[in-house]
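Under this note's numbering, read the sequence shown as residues 20 to 320, first letter to last.
Since the hints were derived computationally from the structure, they do not count as laboratory data. Careful: at least some of the hints might be erroneous.
No farther apart than 20 Å at their CA atoms in a straight line, the calculated lysine to aspartate or glutamate pairs in the EDC-like style are these [what the hints assert, rightly or not]:
| hint | residue 1 | residue 2 |
| --- | --- | --- |
| 1 | Lys173 | Glu154 |
| 2 | Lys309 | Glu154 |
| 3 | Lys270 | Asp243 |
| 4 | Lys65 | Glu314 |
Treat the numbers as computed from the prediction; the structure is a model and nothing was measured.
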Amino acid sequence: MLKKILIPRWYFYMMHMFLLLTLTVFIFWYTDANVHFRSMFSNETKVAVIAHRGASGYAPESTLSAYRLGVRMQADYIEIDLQETKDGELIVMHDETVNRTTNGSGRVKNMTLDEIKVLDAGSRFNQEYQIYAREEYANETVPTLREVFEEFGKDTRYMLETKSPDVNPGLEEKMWALVEEYDLVDYVAVQSFSKESLMKIRGWNKDVPLFQLLWYNGPAYISDATLTRISSYATGIGANFLRINENYVHKVKNAGLLMYPYTVNYQVNMDKALKWGVDGVHTDYPDRFKEVVEELNNPTA
């Protein structure tokens, strides 16, 4: 007859604790890639710094040079405006025309990528902002979204803006296809003035942070009904800073939405935005804003 082996009760306790610890470690390891990004969208985290069209105070806006500076200045996001060319390519440009930022003229939707690629997107910056002019900015080209993703990959986060979706039908589909191709779903947020554009993206992904952009010509006001509607599909609101006030910020935040005003470039406004409790700021000068945050957090330093 086999002798019955008695296993001490403490052994079972130890095994349970070991299994629980192993499971906990696995969960943290598996989710760590997402946690660091998703935590950016919590009201309890630091104020996010969005490099507006890159560090566009120091380099030609929406160029690889501006984005390199934004990444170097450790902005939390580089902001990317998207337009679609005549031959269906996504380029990084704020305006519907190339007139303001290049040496060319014409509407983006009427030009092919090859036609846009020969334009000089940097010399005008050198002429207008000589204090920051650099020789390498001359003949800077207009980048495609693919080129931006290839350059930076997972080294930064991207605030993508769908521009004029009525002028650029299918832009969202092409943008999201590139996001998935480069495995950047957990590294992007999307903003737009178009509710329809944002709702289309929400239909594809329930977790991607979305920001409804608003523009005010006079003092900003937002109703409870509008906040409820936006809350049904978006993570936050972006509005022009010079038209909002502290009450507006608090009302948005009390509705459970994040508040990311644009574009805040002067220290007095940076101070004000921080004191109002905004969750993020679009700025042409990411380094300046980070300095203001540091000074506010360490007033005696």
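Worksheet item: Is it true that the CA of Lys65 sits at most 20 Å from the CA of Glu314?
Response: Given pair Lys65, Glu314 holds - Cα atoms ~14 Å apart, limit 20 Å.
Item to complete: Quickly compare the C-alpha distance for Lys173 and Glu154 to 20 Å and report which way the hint goes.
Response: violated, 29 Å
Worksheet item: Can the restraint linking Lys309 and Glu154 be considered satisfied, given a maximum Cα separation of 20 Å?
Response: violated, 27 Å
Discussion item. Against the 20 Å threshold, does the CA-CA distance of Lys270 and Asp243 hold or violate the hint?
Written reply: holds, 9 Å
In summary, the structure is inconsistent with hints 1 and 2 from the numbered list given earlier, while agreeing with the others.
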